[in-house]
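Q: Knowing the structure of chain F, use the given hints to seat chains U and P on it.
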Amino acid sequence: MLIYSLDMFGTAVFAISGILLAGRLRMDPFGVVVLACVTAIGGGTIRDMALGATPVFWITDTNYLWVIFATCLLAMLAIQNPRKMPWYFLPVADAIGLAVFVAIGVEKALRFGASPMVAVIMGVITGCGGGVIRDVLAREVPMVLRTEVYATACILGGIVHTVGLHFGLETAAASLCGIATTLSIRLAAIRWHLSLPTFSLRSSQ
Amino acid sequence: MLIYSLDMFGTAVFAISGILLAGRLRMDPFGVVVLACVTAIGGGTIRDMALGATPVFWITDTNYLWVIFATCLLAMLAIQNPRKMPWYFLPVADAIGLAVFVAIGVEKALRFGASPMVAVIMGVITGCGGGVIRDVLAREVPMVLRTEVYATACILGGIVHTVGLHFGLETAAASLCGIATTLSIRLAAIRWHLSLPTFSLRSSQ
Amino acid sequence: MLIYSLDMFGTAVFAISGILLAGRLRMDPFGVVVLACVTAIGGGTIRDMALGATPVFWITDTNYLWVIFATCLLAMLAIQNPRKMPWYFLPVADAIGLAVFVAIGVEKALRFGASPMVAVIMGVITGCGGGVIRDVLAREVPMVLRTEVYATACILGGIVHTVGLHFGLETAAASLCGIATTLSIRLAAIRWHLSLPTFSLRSSQ
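Residue numbers (the working numbering), protein chains in the order written: chain F, 1 to 205; chain U, 1 to 205; chain P, 1 to 205.
In case anyone wonders, no lab produced these hints; they're calculated from the structure. Some hints could be false.
Calculated from the model, a selection of chain F residues having no Cβ within reach of chain P, i.e. all distances over 12 Å [unchecked claim]:
no.: 1; residue: G113
no.: 2; residue: H166
no.: 3; residue: F167
Partial selection, computed: residues in chain U whose CB lies under 10 Å from chain P [as the list claims (entries may be wrong)]:
no.: 4; residue: S115
no.: 5; residue: M122
no.: 6; residue: V124
no.: 7; residue: V132
no.: 8; residue: V136
no.: 9; residue: V144
no.: 10; residue: C154
no.: 11; residue: L169
no.: 12; residue: S184
no.: 13; residue: S195
By construction, the Cβ of each residue, glycine as well, lies at the ideal position given by its N, Cα and C atoms.
Chain F extracted, bound-state conformation (with noise of 0.2 Å):
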């Protein structure tokens, strides 16, 4: 199934990104696997865990863990023998994985009875959770929290999503129409390096 494949390649961007950051703080093997596996699985545990949809996902389906293992092992032994990857390789990989998790959190959600307002923001949580967890264990402000447009995408996203769903689509239909959203959005923003103004407190607090 379409949906399902594109999960399992937001799996591995999203551990890519766990990767490529445990081996900036220098980490052992076995550490880069942890926050591989914290970035690509993070966000849909915390969904999990709050509507009660225990055991959580992974924990059912083991492909996930799997595709993370397999990832690590092949990221590891690429990047020993480092090869030139275009700059936009990883933002745009990233942006499809973010997409279609937020369309599976959304999903996942209204099937356990959450009313749309709510199941937007498990779409938002189940695609930017990991990051948060990820860039918390690094000690870096979240990248969610500060980038052009990625809390934002996936939103409107979410909203497409059920909008659509509520205008009476099909499930995939809907699912589709809001992987369209939050990815051509987030590609625009790559693209243009689109932001929202910022809002900030001009007295010292």
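A: Chains U and P alone, transformed into the frame defined by chain F:
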């Protein structure tokens, strides 16, 4: 109902403390919403996950989310046109929210069959958990672990609450006793800068 | 029962590592208790939430909390009158606690129907999760992700445990094999400062 109104008040106040931090970190509007949510409902979410009270409270009652969204909107508009607030406004509002959250956490834990000691801990988690997550995301040593008599006030409020129930007080009366205790200790701590003697290691560990 | 006593011992040891960190951060007594709790029961709490084993273990068995409270009291008194501890005392005690926590996590995950691979991961989470939360609260890159063969010892111990069960060992015997493995690897790592080759990115990412 009084407790429910106070709960919504506390949610709004805690959201504001998240919004202020987001402003200092110069986040975009959706980052602001994320940090407001985390601060306002993070503690209760951990409590519900630990109790197994899933789906967690804000999934089943979306009023919490609406209050947070409205607060974000108002706060961003209001802070564009800042007016002088007295310095004690926020700490006092925060103390009220804290006291109510503790009472709600104690109450819910007992309803789920927890022992009084666990109920007090759940009260502390409900009151302090959101602020801890907020501070972790902003890379500060959590305020709760540093501030004068903050967790301490929660613990004493929770103890008064459960002891009151043990001696036959009605649910609402015991809650109010607990709230009064937490609140007055916090207000006293704010007013006179009370703090417990800290525990520090003399030897270089 | 042996495992249960060791579990309480591990809880106390992990609490001490939280207390020591709290002392370095100059927290007040209740902050100390909070950090001790987080370190000692944080890992098992994440495990239980992910498995859906709610209410989590320390809600149903409050002995864990009493052990932590007693440890806090004793530690604060003892450290007021510090005596020389041999340098290896804490790492060795920590290794014992770690080994036991891993075995308990593996065991509990299997009892909840997890696959062997997931059980090993749950063992690692049980052993390492509390320390990770502790370090995040103290704004350090988690020790677990840096220290010589820490997560690695847990993984190997968990694998021996599950493989033992697979080849027909009794529950207790398999647990003890797993504990012996984790413990001896950690002790060897402490004694000879073993570490895995780290994985680092040569290129400036």
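Q: Evaluate each hint against the coordinates.
A: Hint check results:
{"no.": "1", "hint": "G113", "verdict": "holds (17 Å)"}
{"no.": "2", "hint": "H166", "verdict": "holds (31 Å)"}
{"no.": "3", "hint": "F167", "verdict": "holds (35 Å)"}
{"no.": "4", "hint": "S115", "verdict": "holds (6 Å)"}
{"no.": "5", "hint": "M122", "verdict": "holds (8 Å)"}
{"no.": "6", "hint": "V124", "verdict": "holds (8 Å)"}
{"no.": "7", "hint": "V132", "verdict": "holds (7 Å)"}
{"no.": "8", "hint": "V136", "verdict": "holds (6 Å)"}
{"no.": "9", "hint": "V144", "verdict": "holds (8 Å)"}
{"no.": "10", "hint": "C154", "verdict": "holds (9 Å)"}
{"no.": "11", "hint": "L169", "verdict": "violated (23 Å)"}
{"no.": "12", "hint": "S184", "verdict": "violated (17 Å)"}
{"no.": "13", "hint": "S195", "verdict": "holds (6 Å)"}
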